[in-house]
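Please model the complete structure; the sequences and the hints are all you need to start from.
As you go down the protein sequences, you meet chains D and G in turn. Taking the working numbering, the leading residue of the first sequence gets 28, the next gets one more, and so forth. Taking the working numbering, the leading residue of the second sequence gets 349, the next gets one more, and so forth.
Don't read these hints as lab results, they were simulated from the structure. Take these hints with a grain of salt, some might be off.
What the hints assert, rightly or not - One side of the interface only, derived from the structure: several residues of chain D facing chain G at Cβ under 7 Å: (1) I31; (2) S34; (3) T37; (4) K38; (5) Q42; (6) T45; (7) H110; (8) T118; (9) A119; (10) R121; (11) L196; (12) N198.
What the hints assert, rightly or not - Pairs of lysine-lysine residues, derived as BS3-like cross-links and limited to a Cα-Cα distance of at most 25 Å, are as follows: (13) K470/G <-> K429/G; (14) K470/G <-> K33/D; (15) K434/G <-> K33/D.
Stated by the list, open to error - Take a look, some chain D residues computed to stay more than 10 Å from chain G by CB distance: (16) G30; (17) L43; (18) V53; (19) T91; (20) A114; (21) V131; (22) L132; (23) V144; (24) G166; (25) H177; (26) A184; (27) I200; (28) L209; (29) P210; (30) E213.
Cβ coordinates follow ideal geometry from the N, Cα and C atoms, glycine included.
Now for the letters of each chain:
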Amino acid sequence: MLGILKSEFTKLFTQLSTYIVAGVLVLLAILTGVLTVVTGPLLTGDSTAAPTVIYGAVSGTFNTSIAILAIIASLIILNEYRHNTIAYTLTASRNRYVVFGAKVLATLGYGLGLSLVLSIIAAITASIVLIGTGNDVSGQEFNIGSALLHLGSYVSAYLLVGLFLGFILRNIIIVIVIVFALPIIEGILSLLLKTALTIFLLRQ
Amino acid sequence: MITAQNLRKAYGDKVVVDNISFVVEDGKITGFLGPNGAGKSTTMRAMLGLDSAEGSTLFDGRPLGDYPHPSQVVGILLDAKSFHPKRSARNHLKVLAQASGIPLSRVDEVLALVGLQDVASKAPGKFSLGMAQRLGIAAAILGQPKHLILDEPANGLDPEGIHWLRDFLHQYIAGGNSVLISSHLLSEMQLMAHNLVVIGKGVMIANQSMDSFIASASTGAVFVRTNDLNKLSVELTQRNIVWVAERNGLKVSGVDSDQLSALLFQLGMPVLELAAETTSLEDAFLKMTANAQEYRATPGGQN
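This is how it looks when you write it as structure tokens:
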């Protein structure tokens, strides 16, 4: 299992696209960190920044990067079929669940690790901009445990959905369409659930 | 020894591999032949468990799934371009070695063995087909497996590459290993393989040694040329020996060259040319698979 896991990480870190995507997401994190402050407390003329600005920068980074991470996850599977390396991958171990398990772990490791780095970058960027514009950051509310749990589970879910879509659809265009439609689907489902819950509570 | 038993694969109503059984013997190269669309690649994939199919394949008496690292039991080359085009040749092999528990030192060994050490750090996306084949062979032998299953490994190789492949495979089996190889280069296959498995439209056509396969398609005729063909033809007819005129001589059936030369000596006729008709693997293959061609071109390019 360890060898297959190593092999999956080697695959990730020996292809240029891994670094290009990471670079683009880092730029996005910096941009989100800056824009969250600039378009928030500064434009509204507040002398004291809202206490959730840094948390907002981090969650904003997640919102902008999550779809890209899901697509990367799907590409991890899709590339195997596209480049016909799946035969090698499947004959590496007698247990195919181990092979797919290693792929899931590597994807989660890369995705969550990158998300953590992006969060730190977004938080640092927002802090720097806040301090640079004369704001006090000591009043910022940021529950690290809650953020890790909430955003980590959200990223994990998207990564797993990306892997699953890549595996069953094997077509990157369809995967991209579905991944970008996910927030809409999520919104509709949330609305339906809220409506159903309201109706249920009213009937009680 | 690889033993394929009753392999059967169907897509809906269409049966593409129908009850194929054969053995790939140790210490021998077994050629796997068939026209395009005969089901060779599907059979190979089914043997490796890459496609779901009925039947079973045993590697030294055990299913591939019984071995902790199947790639150390059987090396495969199913498609020459099975690699990420931007990942270097060395990293491609490194990935495979890590996944199969093979020491990384083996990577440079196999790269040197296939002659790719100078381009090891280059991305294989721009490799020629011949170089890609060499990388595929390197991947197949990485785990020093006892068995090799190679689908068209000679495609795209230059004459030197084909010569290298032939020598390499002969050395490989000398250690008691087995090789199953498919190829459309029949002249090359004739030099390379000891046994043949021939399929057509998913059905077994032949499963025998190379020599017996060629012999079974041979007419056994002898071509003879002498100074008086009319006299010879009369003599042959009187002896109930079948002959046909061909070029500037006679093609004689039912006697061998020894008997025919003795007859000419007895008749006092000079032998200007005497040759037993040889059948090539290509002739034998075309004859055997005449009714098993899935795709056939219009003769003479007519519409």
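Okay, the hints, checked on the actual structure:
1. I31: Nearest chain G Cβ about 5 Å off; hint holds.
2. S34: holds (4 Å)
3. T37: holds (5 Å)
4. K38: Cβ of K38/D sits 5 Å from chain G, so the hint holds.
5. Q42: Hint on Q42/D: holds, closest Cβ of chain G at ~6 Å, below 7 Å.
6. T45: violated (10 Å)
7. H110: Since chain G brings a Cβ to about 5 Å from H110/D, closer than 7 Å, the hint holds.
8. T118: holds (5 Å)
9. A119: holds (4 Å)
10. R121: This interface hint holds because 5 Å falls under the 7 Å limit.
11. L196: violated (20 Å)
12. N198: With a minimum Cβ separation of about 18 Å from chain G (threshold 7 Å), the hint on N198/D is violated.
13. K470/G <-> K429/G: Answer holds: K470/G to K429/G is near 15 Å, not above 25 Å.
14. K470/G <-> K33/D: holds (22 Å)
15. K434/G <-> K33/D: holds (19 Å)
16. G30: Non-interface label on G30/D violated, nearest chain G Cβ at 5 Å vs cutoff 10 Å.
17. L43: violated (6 Å)
18. V53: V53/D is indeed farther than 10 Å from all Cβ atoms of chain G, at 21 Å.
19. T91: Non-interface label stands for T91/D: nearest chain G Cβ at 26 Å, farther than 10 Å.
20. A114: Nearest chain G Cβ is 5 Å from A114/D, so the label is violated.
21. V131: holds (15 Å)
22. L132: holds (14 Å)
23. V144: At roughly 23 Å from the nearest Cβ of chain G, V144/D sits farther out than 10 Å, so the non-interface label holds.
24. G166: Given that every Cβ of chain G is farther than 10 Å from that of G166/D, nearest at about 48 Å, it holds.
25. H177: With a cut-off of 10 Å, H177/D remains clear of chain G, as the shortest Cβ separation is near 35 Å.
26. A184: holds (27 Å)
27. I200: holds (20 Å)
28. L209: holds (27 Å)
29. P210: holds (31 Å)
30. E213: holds (33 Å)
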